[in-house]
Every structure is written in structure tokens, then in C-alpha cells.
Amino acid sequence: MVWQLLLKLECRMDNVLNTINIYFSQYQRDLLMAAMILTRLPGVADEYPEPRPIANSYMAFPVIGALVAGIAAIPASLLALANIPDLAVVAVMLAVAAMITGGMHEDGLADIADSMGGSDPSKRLMIMRDSRIGAFGVIALVLVIAIQLACLTALLADGITVMIGGWLASAVLSRSMMALQAWSFAPPDDNGYAHSVGRPDQTVMLISLATGLVLALMLSGSLLVFIAAGLAGVITYGFGYLLMQYIGGVNGDGLGATQMLSASMILMVMAAA
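Using the working numbering, read the sequence shown as starting at 1 and increasing by one per residue.
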């Protein structure tokens, strides 16, 4: 009897371990896909390793956000230790982050702003496909980056660890907002990035949000992340609704712009403490 119970227990443990191994193997593939989408890091594979919904990679977006922000924080920390002016330290950090991502979020914000010159959804989508940047795009980028510079500089005045904590929190939470927006709003009929990736299901979206909140709380050590996440969620929904009216859905440029706008809101909350 005892041996039978032990055998049953062993079988159940094997099943649990196999399930865990399968989950982590799948998450590893999702992490790789998220890195391929969100970064230009060398050594990242060019092909998805296994047939699996690309939209599942949204659950790993916050982790990639932490990776990007963490790498960018390294030279910033060294410059801060060398007593380089705070504004220069923060500017270098933002520049390194943009280099890692290929400036895709900044490009999305600029494209959305430039498309304001279009008179209807089809013309606005056409403007977004233009690789050139216009006056609206420049103004939007300058204003949003200026907000981030100001907030990060204010955080740096309280210490390098405080600044990096806020920076990391904004990076992970803003990527979670991308998953929330992609789940909440359909893409436009333009066969663009959002169509090719697909929409995450509710489970993927919730995992992404939970991962972002936990990482933000751990990395910043501040309960302000809950307020920041709430306000970022308001921006995410509001901006998503605007895009639905504006271009008929949320595309890749819209997701990039959402990351920039929500990150700015999160930094403002963190800097206000």
C-alpha cells in the first residue's frame, strides 16, 4: 500500500515537473520572440524557433523592457560616479536605450503625430508609412523626451539608485501597457505589424500586466508603481480609443507611441514623490 502511494506520488511529481518544463520552454521561446520584436540586440535569432502564436510574446515584453533599461543604466551609472552633470547622464541613458530598440517607440510616436495632417484614416496610415519625419513628429518627440529628461533628472537628484529604480519601473510597466492595448483594441485594416503579430489573449495580457507590476515593485521598491500603473492604464485606454477613431485601430506605431506616453506618465508619478 505504501509503495503504491509512493509510486502515485512520484508519477504526479513527474507530471508537475514536466508541465513546469514545458511552460518554461514555451516562455523561453516567447522571450526570444519579444527580444526579436523589441530590440536590435546582436545575436538574437532571426526566425521564430517553433510554430507558436507570436502574440504570446507580449507576456515577455516587461522582461525585455527591464533588459533594455538595465543595459542603458550601466553607462549612466558610471557617468554618475564620475560626477558628470545629471542631465548629461540621463541623456546618455535615453540614447543608449533608443539604440538598443532601434528607436522603434520614438519612431511610432513621431509617425502618429505626423499623421495628424491626414484628412481621413487611409491618408493617415499612408503618412505613417512615410520614412520621413515632419514638424508634428519632431514636436511630439521633443516634448515627450523633454518630459522624460526632466523627470529622470529630478529622480537622479535623490540618488542614482532612486533614478534607476524609477527608470526600470517605467520600462517594464510601459511594455505591459502595450499588451493591454493590443488586447483591448483591434488593429486597423492595413496588414501592418499589429496584424502580423496578432492580438494577445486575456491570459497573455494578464501575465504581462502581473509581470510588469511585480518587476516594477521589486526594481523600484516604491508603492507608487500602483498609482503609476493605474494612470498609465488610463492613458493606454484613452489613446487606444483615440486611435480607433483616428485610424480604425491600434497599429505598431500606436503601440510604440503608447509605450512612450505611458512611460512618461509613470516617470512623472515616480518623480512627484
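Mixed in with the good hints there might be a few duds.
Said to hold, decoys possible - Derived DEER-like restraints, expressed as beta-carbon distance ranges: (1) V142 with L41: 24 to 32 Å; (2) S184 with G70: 27 to 35 Å; (3) Q245 with D158: 39 to 47 Å; (4) A210 with A272: 23 to 31 Å; (5) A95 with G159: 19 to 27 Å; (6) G118 with D158: 38 to 46 Å.
Bear in mind the hints are in silico, worked out from the structure with no lab data behind them. The C-beta atom is built at its ideal place from N, Cα and C for all residues, glycine as well.
Hint-by-hint comparison with the structure:
1. V142 with L41: 24 to 32 Å: 27 Å, holds
2. S184 with G70: 27 to 35 Å: Given about 28 Å between the Cβ atoms, the range holds.
3. Q245 with D158: 39 to 47 Å: 40 Å, holds
4. A210 with A272: 23 to 31 Å: 25 Å, holds
5. A95 with G159: 19 to 27 Å: 22 Å, holds
6. G118 with D158: 38 to 46 Å: 43 Å, holds
Checked against the numbered hints above, the structure violates none of them.
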